[in-house]
Amino acid sequence: MEAGNLNKTRDIPDYTLVVCEKADAAKRIAYALSDRVETFNVAGTRVYHAENSEKNYVICSALGHLYTLGTPREKRDLFPVFDLMWFPLNEV
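Using this note's numbering, the first residue of the sequence shown is number -6, and each one after it goes up by one.
Careful: at least some of the hints might be erroneous.
For each label pair, taking beta carbons as the anchor points, the in silico distance ranges come out as [as the list claims (entries may be wrong)]:
(1) G63 with D28: 20 to 30 angstroms
(2) L62 with T32: 31 to 41 angstroms
(3) A18 with L62: 31 to 41 angstroms
(4) G63 with R29: 38 to 48 angstroms
Keep in mind the hints are simulated off the structure, nothing from the lab.
Where is the CB? At the ideal position from N, CA and C, for every residue including glycine.
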């Protein structure tokens, strides 16, 4: 693990962490937030530091889906189910 780069986020004052599902989304969001974007790698994952006049942002990707469609627990025994909701992957 690239500990030096992991420590780099500690040097950024009062930042907001933005986690995206895809690497391309992280890059686009970083450049949408600021024209001044710094990039570095942490454990092989590209991380962006975007700074504008209001805030500091650290943007990274999760390299996969964070949410999926599922049915509410109380309706899982009914078929067919047309009542779909978004759930974090660990709840489905």
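Evaluated hints:
no. : hint                             : verdict
1   : G63 with D28: 20 to 30 angstroms : violated, 39 angstroms
2   : L62 with T32: 31 to 41 angstroms : holds, 33 angstroms
3   : A18 with L62: 31 to 41 angstroms : violated, 19 angstroms
4   : G63 with R29: 38 to 48 angstroms : holds, 40 angstroms
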